[in-house]
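With the first letter of the first sequence counted as 1, position 653 gets the number 655 in the numbering used here; the numbers rise by one all the way through.
Because the hints were derived from the structure by calculation, they are not lab data. A hint or two may mislead.
Distance ranges between label pairs, derived from CB positions [as the list claims (entries may be wrong)]:
hint	residue 1	residue 2	range
1	496	428	41 to 49 Å
2	509	441	43 to 51 Å
3	745	511	24 to 32 Å
4	248	636	54 to 62 Å
Only pairs whose alpha carbons sit at most 35 Å apart, straight line, appear in this in silico DSBU-like list of lysine-lysine [what the hints assert, rightly or not]:
hint	residue 1	residue 2
5	275	377
6	190	397
7	64	471
8	245	282
9	64	466
10	324	394
11	466	130
12	190	433
13	598	324
14	124	378
15	285	598
16	378	416
17	245	348
18	163	130
19	285	308
20	397	416
21	124	352
22	397	469
23	565	575
24	64	275
25	646	306
26	433	394
27	471	433
28	565	378
29	138	565
30	377	352
For glycine and all other residues, C-beta sits at the position ideal for the given N, C-alpha and C.
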Amino acid sequence: MEEFLQDLNESQQQAVLYNEGPSLVIAGAGSGKTRVLTYKIAFLLESGYAPYNILALTFTNKAAREMKERIASIVGGPTAARLWMGTFHSIFSRILRVNADRLGFTSDFTIYDTSDSRSLLKSIIKEKDLDDKIYKPASVQAIISNAKNALITPQAYQVNKDLVESDERAKRPLIKDIYQTYWNRCQKAGVMDFDDLLLYTNILFRDHPDVLERYRQIFRFILVDEYQDTNFAQHLIIHQLSKGHNHICVVGDDAQSIYSFRGANISNILNLKSDYPGCKTFKLERNYRSTQNIVRAANSLIDKNKEQIRKQVYSENAVGNKIDVLSAYSDFEEGYMVANRVSEMKRLSKYAYNDFVILYRTNAQSRIFEEALRKKNIPYRIYGGLSFYQRKEIKDVIAYFRLAINPHDEEAIKRVINYPARGIGDTTLGKIIECGIHNDVSLWQVIATPLEYTLPVNNGTLNKIQKFKELIEEFIDANNKMNAMDIAELIIRRSGIFTEIYANRSPENLSRQENLQELMNGIQEFCSLRQEEGVEEIALTDFLAEISLATDQDEKEDDDSDKVTMMTIHASKGLEFKNVFVVGLEEDLFPAALSKNSERELEEERRLLYVAITRAEENCALSYAATRYRNGQPTAMPPSRFLKDIDPTYLNMPSELKSKQNVEDSIYSFSSRSLGMYSSSRSSFFKREEPVLPSKKQDLPLKSYSPRLKRLDAVNTSSVSGGSVSITGLDVGARIRHDRFGSGIVTEISGEGDNRKIGVEFEQVGKKQLLLKFAKFTIIK
DNA sequence: GGCCGGGGCATTTTT
DNA sequence: TGCCCCGGCC
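Generate the whole structure from the sequences, applying the supplied hints.
What follows is the structure, given as structure tokens:
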């Protein structure tokens, strides 16, 4: 440990060593926050805490994975693996599964992602004959999500005057009913959405003190990363768990709180002291990332925010260049200026394309930079877009997986009841849904026993439904007997998806085939990882539990080619680049027009720019355009007010801005749904009488899975090599090249027909099993 | 079921 | 200006 401490500066050391009571570590940008967190955990382990007594929460899978790896390198893999480390959602979904019976769920509940819940809301709105122009699914979803994050159940919502009146004012009085219906439907279907995972955890702890007490005993030390991004539900879970021992350390930076629109509440960190009396604050103020000019410029900007914890972030790196402010006539020209600068800088210095990032406020801005870079032959990559698990073909397969585990899952049923086409169209589905609502049962119950619920369909349809039911039952049955890999295969084959997707070699199908292959590789990798950890039988449930909470946010590690990066500022949090371009610094774009309603949101926009600037290690440039195509129209754009917020000492201003003051001193109007709207019900949450949910007796042992699925490739490459057709010349000893795994030697061949697989010893990645049906590789000799 | 065209729309998106 | 969704049509 001694030698580790030498890696830390004074304030980092203090933060690591103080563990007697609650502490808050304010970690300025680039101040070595992760290092403190990892060393602190290592230190706790050394001071006698068992790994399974430490709970360490992060917001992203990626952060959890990285921290786990770093801790493993200090204390060893097996110890690190026993830590309770993961995202809020993954850790508490594990806890919910173990205690599901207390909440009227089974441990097999499935998880709705954002699009599932939106789709359910859509159908509810339709069923209620409401106008979806007024009850926009997305807005309704946001309102419900906010309510859940504030721990307001439908019952509580209905009696909450503020909320009900606010909805009435907005001419949407029925939101409370939609919420109630949505809630009931999720229960019937045995599913939870992302927000439910946190809300039900709170309900579990509130209504079952014995459970809370048990976890208080287990989690003897709690650490939370990125605390500025916690919402009320998360805050309360932590508060409940740490009550008593108060061994809690939260790390964060209020200046980097940029997710309030997702429910994050900056006051959680600002007011931490009142929640944890005696809380010690440590400030990590030395920035190791950026030049002095960049740090000072960023400081001068964030200084304009009222709501913040004051700190003195400083750098002892070189003074560095001033921040360039680039003024363009048009968005078009802005693209060219940036592209030109990239090539100039690359030519004049030793920079690689990887050293550059273009950060924008909205995804729509990327186009123009793409064009400009392409014209100059500058390679680039764009982050954001459809994640792997959101691709249609993947969602389809996963819907079947979900049904094998939880056939009541409504959205999964809707998705695949007629995919591949089996003659159960919208009309029939509509009847099934109606019948389910009428009898207060799940769709699956109607499908399983249509006669019992007098489903009004003809015999032909009844037959088709029967077939579908048998199919799903086959999967359920198989799921009880087979491991993840085998059942995944079975599902893909028996559902008809295989036939569908491998029917022809159209480009779309080829891409689907690749994605399907990728999914199988993902399961494969998941299984082999788990096997390495000594788990023999890997159930599909475990895989599903993992990927339901996986997003594709992780960066593309296997693409190490030299490219300029483009992404939104939000996506850039936590990353660093030598050279940063922050583009589109214009009023109504950055700050966004909608954020000008309130000072709060404006401050968040300012923090967003702070985050953007502090990504830079060596150079930073801010650009704006005087005109920009917006909604088809060329629009005059005044420069962003934020340009005035930065101390000009650290800027190279264009002469134009120096002379005339066209940054308007605008009058903002404050309005509408302020952040306080949910506050009235919050504090009383733990006292409120809630209808106790019916409980079912079912107890499952805690499954010990460690979430770490290696990232799947989300990018469509167009290379295709047919391994699925002919396998002549493929024998033990043959040398093959695989798209992903590189080259290797075939060491064994096994299985028959569709099950035929080969074992390959790859040079880079070691031994892998490949299903011939799916594997794409070429035989080299 | 798939294709086409019109209309509405257009912040950010850790799980 | 583009994109996405829906409705109408084959």
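Between residue 64 and residue 471, is the straight-line Cα distance small enough, at 35 Å or below? Violated - the C-alpha atoms of residue 471 and residue 64 are around 38 Å apart, more than 35 Å.
Given hint residue 394 paired with residue 433 - CA-CA distance at most 35 Å: The hint holds at about 25 Å.
Confirm or reject the claim that residue 496 and residue 428 have a C-beta distance inside 41 to 49 Å. violated, 24 Å
Compare the distance between the alpha carbons of residue 124 and residue 352 with 35 Å, and conclude whether the hinted pair is satisfied. Given pair residue 124, residue 352 is violated - Cα atoms ~53 Å apart, limit 35 Å.
Taken at face value, is the distance from the CA of residue 466 to the CA of residue 64 at most 35 Å? violated, 43 Å
If you draw a straight line from the CA of residue 466 to the CA of residue 130, is it 35 Å or shorter? OK: residue 466 and residue 130 at ~28 Å, within 35 Å.
Quickly compare the C-alpha distance for residue 285 and residue 308 to 35 Å and report which way the hint goes. The given pair, whose Cα atoms are some 19 Å apart, holds under the 35 Å limit.
Would the hint linking residue 565 and residue 378 be met if the CA-CA limit is 35 Å? With Cα atoms ~13 Å apart, residue 565 and residue 378 stay inside 35 Å; holds.
Restraint status (C-alpha distance of residue 190 to residue 433 at most 35 Å): Satisfied, since the Cα-Cα distance of roughly 17 Å is no more than 35 Å.
Hint consistency between residue 397 and residue 416 [alpha-carbon to alpha-carbon, up to 35 Å]: OK: residue 397 and residue 416 at ~12 Å, within 35 Å.
Agreement of residue 397 and residue 469 with the hint, judged by alpha carbon distance not exceeding 35 Å: holds, 22 Å
So if I understand the rule, the pair passes when the alpha-carbon distance is 35 Å or less; does residue 285 with residue 598 pass? holds, 31 Å
In this structure, the hints that do not hold are numbers 1, 5, 7, 9, 10, 14, 16, 17, 21, 29, in rising order.
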